[in-house]
Amino acid sequence: MNTRPFLGWFVSPAGLVAAGLVAAMLAVFQYSVRAYIPGSLEVGGFTWQNFAAMLRPLYALAFWNTVLLCFETAVFTLILAYPLAYALVRTNSSALRSFILIVSVTPLFLGEVVRTYSWMIVLGNNGFLNTLLLKLGLLDRPVQMMFTAGGVVAALVHVTMPIMVIMLAAALSHIDRNYEKAAESLGAGSVRIFMTITLPLSMPGIVAGFSTAFAWTFSAFATPQLIGGGRVSTVSTLIYQLGFSSFNFPFAASLSIIGLALSLAVIALLKKAASPLERMAGTT
Amino acid sequence: MKRTPGTMLLRWSGRILVGVILVFVLLPGVVVAISAFNDRAILAFPPQAWSLRWFWRAFSYADFAKGFWNGLTVTVWASSIAVVVGSAFAFAIHRYKFVLRDVLEGILLSPLIIPHYTIGLGVLILASQTNVGRGFPLVIFAHVVMVLPFVMRSTYISLENLDTRLELVASSLGATPLRILFTVTIPLLIPGLLSGWLFAAILSFNEFTATLFVSSQATQTLPVAMYNYVREFADPTLAALSVIYIVVTATLLTIANSFLGLGKILNVDAH
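Residue numbers (my numbering), protein chains in the order written: chain D, 1 to 284; chain V, 285 to 555.
In case anyone wonders, no lab produced these hints; they're calculated from the structure. The structure displayed is predicted, hence computed values, not measured ones. Keep in mind that a hint or two might mislead.
A few chain V residues that don't get close to chain D, going by computed Cβ distances all over 10 Å [claimed, not checked]:
id, residue
1, Q332
2, W340
3, Q413
4, G417
5, P461
Just some of the chain D residues that point at chain V, by a computed CB distance under 8 Å [what the hints assert, rightly or not]:
id, residue
6, R4
7, A23
8, L84
9, W119
10, F128
11, S185
12, G187
13, S190
14, S219
15, L226
16, L262
For each residue, glycine too, the CB sits at the ideal point set by N, CA and C.
Construct the complete structure from the given sequences, taking the supplied hints into account.
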C-alpha cells in the first residue's frame, strides 16, 4: 500500500507556482546584467554597467535615504506601539481591550492607497492639521508637511503600527507575571520593574516587530510616492520611475536586486545585534 | 500596587499617553470621514456645507466600477487557487518527508520578505520574455504567489490541531485514503481553509504595488484605479470611497470575528 497517498497530486501544483516565482526572480537577475537600449524594450548584451551606475550620488543617496527612512519609521513605530500593546495586554477593562484591538487591527486590512490618501488630507496645506493650527493661532501661515520626509515618516508610522502592536502584544502576553510580583515583593518600584524585567523579557517581540516594520517600510511604494510627491526619492519610487517613465528595465532590475540584498542584510544584522539581548532575556 | 502619589502620577500619565496614541491612530480615518461629506470640491476644515454627492460620484465613476469588478475577478480566482494549492502543499509538508521539501517551502514563503515591487517587476519581465500578454492570468499569478504564504500557514495551524485518530478509525473501518480525505480530513479543516481564503481575499483585493506593475489599463484593480485618481484629481471622491472601504472592511472583520474568531486570523499574521 502507498504510505504517502496523494503526494504527487498535492505537491506538483505548489511546485509549478514555485517554478514560476523562481523564473520571475531569475528574470530580474538576468535583466540586471543586460545593457539598456534607450527607446527600446529590447535589452542588449551582458554588462556590469547597471551596478556601477548605482555608485553615482543620485542613486547612492536614494539608498541612504531609504535606509534612514525605514530606520526612523521603525523607531517611531516602536515608541508609539509599545504603550498601546502594553495597555492592550495589561488593561483590566475588556471594553478598552477590544477597542484597542479593533482600532489597531482594522487599518491592517485597508490597503496602502486608502491609508496614504487619508494622510494627504491630514497633512496638506489646506489640510486638517494646518487648518487646526492656524485656527488655534499657533501658526501664521501653513507649514509645508506634504512632500517632506517628515510627512512620509508620519504616514509610514501609521501604516506599520498595526503589525507592530500585534507582535509586541504577543510577546507581552507571554511574560510570566510572577517575575514582576517577585520584584515588587522585594521592594522594587514600578519603573524599575518595567526597566529590569518587563522590557528585557519583551525583547523578542521588539526585535520581530522592528525588523518587520523595517522590511514593510522598505517595500512601501504608494506612501513615499504620493506623500513624497517626487521630492522624497526612495528605492521603490526610483524603480517605478525607471521602469515606467524611461522604460529602463535593466537598471530597475539591478536596483531592486541591490534593494532586496540590502533589506535582507539589515534584517539579518538586526537579528544578530539582538541575540545577546534575547539570550539575556532567556536567562533572567 | 501601592497608591502613592508617585504611582498615581505614573498611571495617569500612562493613560494620557495611550489616549494620545489612539488619537494619532484614529485621526486620518475621522478626517477622511469628515471631508467625504464636504460639499465643495476643494478641501476645507470645517466644511461649510454638507452633501452626499461625492459618494454618488464614487459609485458612478466608470474606472472605479471597472476596477472593482476587475479586482473581484482577480481576488476570487487568486484566493481560490491559493487555497487549493497552498492547503494541499501544507498537508504534504505536514505529513510527509520528500525530496526538495524544505527548498520548496522556503521558495513559497519567500514573498513574505521579497518587496512586492520586486515580485511585480519579475513577473512583468518574465511575461515580456515569454510573450505572455498583460491579461488577467498574469495578475492572478502574481496574487497567488503573494497570498500563498498566509494560506499555507492557516492550513498548517489547522492540521496541527487535527485529531489524526479520527482518520485512523476511518482507515481501520476500511475506508480508502481518498474517501478519508473527503469525508474526514477536509471537513475537519473547513474553518482553517475558510479563514485562509478570507485572509487571502482581503490581502489580494487590497494589493497595490505589484498589481501596479503587472496590470494594464484593461485589468487594473480598484487600488490601482484609486491611485490613478489621486494623481489626477483633488476632489473628495476618494474620501467617499475610502469611507465605503472602511465600513465594508470593518463589517467583514466583524463577521469574520463572530464566525471564526479574530484571534485565529491574527495568529496567522502575528508569526
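Outcome of the hint check:
1. Listed as outside the interface, V:Q332 is consistent with that label: its C-beta sits roughly 12 Å from the nearest C-beta of chain D, beyond the 10 Å cut-off.
2. A cut-off of 10 Å between C-beta atoms confirms that V:W340 is not in contact with chain D; the least separation is 19 Å.
3. With a least beta-carbon separation of about 6 Å from chain D, V:Q413 fails to lie farther than 10 Å from that chain, contradicting its non-interface assignment.
4. Every beta carbon of chain D lies more than 10 Å from that of V:G417, the smallest distance being close to 14 Å; the non-interface claim holds.
5. Distance check for V:P461 against chain D: the nearest CB is about 4 Å away, which does not clear 10 Å, and the non-interface claim fails.
6. Hint status for D:R4 relative to chain V: holds, with the closest Cβ pair at about 5 Å, below 8 Å.
7. About 6 Å separates the beta-carbon of D:A23 from the nearest beta-carbon of chain V, less than 8 Å, and the hint is met.
8. Residue-level restraint check for D:L84 holds (minimum Cβ-Cβ distance to chain V is 5 Å; threshold 8 Å).
9. For D:W119, the suggested interface contact is upheld, since its CB lies about 6 Å from the closest CB of chain V, less than 8 Å.
10. Contact between D:F128 and chain V, as hinted, is supported at the beta carbon level, the nearest pair being about 5 Å apart and thus within 8 Å.
11. Restraint check, D:S185 versus chain V: the minimum CB separation of about 12 Å is more than 8 Å; hint violated.
12. Look at D:G187: its Cβ only gets to about 11 Å from chain V, farther than 8 Å, so that hint breaks.
13. Restraint check, D:S190 versus chain V: the minimum CB separation of about 6 Å is within 8 Å; hint holds.
14. A distance limit of 8 Å between C-beta atoms decides the matter here; for D:S219 the minimum to chain V is near 3 Å, and the interface restraint holds.
15. Proximity of D:L226 to chain V holds as hinted, the smallest CB-CB distance being about 6 Å (cut-off 8 Å).
16. Because the closest C-beta pair between D:L262 and chain V is about 10 Å apart, greater than 8 Å, the hint is violated.
The structure shown violates the earlier hints numbered 3, 5, 11, 12, 16.
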